Amino acid sequence: MQALTNRSKVVVKKQMNFWERIYLPAILGGIVITIKHLFRKSSTVKYPETKREISQIWRGQHVLKRDDQGAERCTACGLCAVACPAEAITMVAAERVKGEEKLYREEKYASTYEINMLRCIFCGLCEEACPKEAIFLTDRILPTDYGRGEFVFGKDKLVEPVDERVDVTVRQTAAVLEFKTHKQYSHNK
Amino acid sequence: MIEFFIYKAILVVAIFAITLFVAAYSTYAERKVAAFLQDRVGPDRAGPFGMFQPLADGLKFMMKEEIIPDFANKFLFILGPSIAMMTALMAGVVIPWGNSLVIDGKEYFLQIADLNVGILYVFAVVSIGVYGIMIGGWASNNKFSLLGAIRASAQMISYEIAMGLSIIALIITTGTLSLREISMLQTGGVGGHWNFWNVVYQPVGFIIFLICAFAETNRTPFDLPECETELVGGYHTEYSSMKLALYLFAEYINMFISSAVISTLYFGGFNFPFMNDLGLDHNTITIVGSLFFFAKITFFIFFFMWIRWTIPRFRYDQLMNLGWKALIPLAVINIFITGLVIIIKTHYLN
Chain A
628 MQALTNRSKV
638 VVKKQMNFWE
648 RIYLPAILGG
658 IVITIKHLFR
668 KSSTVKYPET
678 KREISQIWRG
688 QHVLKRDDQG
698 AERCTACGLC
708 AVACPAEAIT
718 MVAAERVKGE
728 EKLYREEKYA
738 STYEINMLRC
748 IFCGLCEEAC
758 PKEAIFLTDR
768 ILPTDYGRGE
778 FVFGKDKLVE
788 PVDERVDVTV
798 RQTAAVLEFK
808 THKQYSHNK
Chain B
2 MIEFFIYKAI
12 LVVAIFAITL
22 FVAAYSTYAE
32 RKVAAFLQDR
42 VGPDRAGPFG
52 MFQPLADGLK
62 FMMKEEIIPD
72 FANKFLFILG
82 PSIAMMTALM
92 AGVVIPWGNS
102 LVIDGKEYFL
112 QIADLNVGIL
122 YVFAVVSIGV
132 YGIMIGGWAS
142 NNKFSLLGAI
152 RASAQMISYE
162 IAMGLSIIAL
172 IITTGTLSLR
182 EISMLQTGGV
192 GGHWNFWNVV
202 YQPVGFIIFL
212 ICAFAETNRT
222 PFDLPECETE
232 LVGGYHTEYS
242 SMKLALYLFA
252 EYINMFISSA
262 VISTLYFGGF
272 NFPFMNDLGL
282 DHNTITIVGS
292 LFFFAKITFF
302 IFFFMWIRWT
312 IPRFRYDQLM
322 NLGWKALIPL
332 AVINIFITGL
342 VIIIKTHYLN
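From first to last, the protein sequence lines stand for chains A and B.
Here the working numbering = 1-based position in the first sequence + 627.
Here the working numbering = 1-based position in the second sequence + 1.
A couple of the hints might just be wrong.
What the hints assert, rightly or not - Simulated pairs of lysine to any residue, SDA-like, Cα-Cα distance not exceeding 20 angstroms:
#1 784/A / 772/A
#2 673/A / 47/B
#3 663/A / 309/B
No lab work stands behind these hints, which were simulated from the structure alone.
Computed from a predicted structure; not experimentally measured.
Excised from the complex, chain A in its bound form:
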């Protein structure tokens, strides 16, 4: 059989010679190797102080976007929940009543919207499925917690606050932008 690399060694079970049997030369070789590592730079990233550079298309904590006027974009169509392979998303739909036009963009909205972050695998399929450009994955790293309950994120944690918008331009890929150019979908803008 041809080897994939030239680094493979054929194992031979041969009797150890004298120097191998007294172990000391091998041990000396070993301690020379380890002492060299003592002076090597450590490869640790001390996380909260220094953050590792993350990819442009990093898929972190989700955000539910608002439109330019500050109304929630989500219409509780459920496509994200259907698309979700981990079945992490649940929602309850509600009808918009008079006077709520500033809060919700369309007649139907999600009264509760929950993502179980312990189930979520951060694949980004919800974002892909969303016809309203409401849900996006951001470059934020999910905060840690001691209990499991805290990891079911409701609307309070998911919807972006009106005064501090979350920038998702890096997630709006060419396909997304191309989608926007179509006239027949212009109601989605």
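Given the coordinates of chain A, assemble chain B onto it according to the supplied hints.
Okay, now just chain B, sitting in the frame of chain A:
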């Protein structure tokens, strides 16, 4: 008389405190050395560079739930770690931590007790230390604990023979069992008059002693009594909280004491090169000598850790082969050759 007691009391308390301090910081050093040898950072959260990590560890051990299994023999279960800790602390008594300080014309030796059988005392105390492990492992009434305890005792008994034999060769050359006298014989070293450390005269003995010291303190590559992959935790499987801490702590104290004994026997103890050529007064030489002694001990503690993070554990049959078939014959040959050289030197070369 009262002065004598005060001087001894100060010395005892100081050495007790130093031993515990060094052992506590050995745990920290172990983790740091391990980290550095593996290109990591190690504990660095508690205080600057993680300096308070031993305190945090100690606090954690005290806060942990204390479990004594129902099926364990309660008295022996508690006795085990007590013996391990006590014997570990006792061995420091005969080690000369420095030469003497002269205060108001009186000479105070920096050694708690200058026994004329100092080495034998160390050996006796260390041997009792096995009982701590054996009793603890047996009293746990757990198969893994018992296996660990059996391994520990078998290993210690095997390696104590080679250790003792390697010491005999040293005693032939020095002619005394007192650790203070052995230190004093190595005085000077490199400098005005040439007087080498014992390691120059007994290199083979030193290597045998070093290897046996690793086995005696249950350190890698001979840490079979507590090898996690086979025996869960070995003799301390059933232990928790402070009792576990005592066992782990005793290991570090043993390491400290072994390093001190190795430094005393083979590396000149509190002597340092050029000590008699710099024109220093007696007390300064003593203090600098003690610092040198602690530097030597620190190096050997580092060496213990260095080895631990370099080589894997021996297999049990390899361990026994090495002890009985390699080290003991080698030690006997070493005694024979040393004796021969001494006879030739004293009878034919003078």
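Verification of the hints:
1. 784/A / 772/A: holds, 14 angstroms
2. 673/A / 47/B: holds, 14 angstroms
3. 663/A / 309/B: Roughly 15 angstroms between the alpha carbons, so the hint for residue 663/A and residue 309/B holds.
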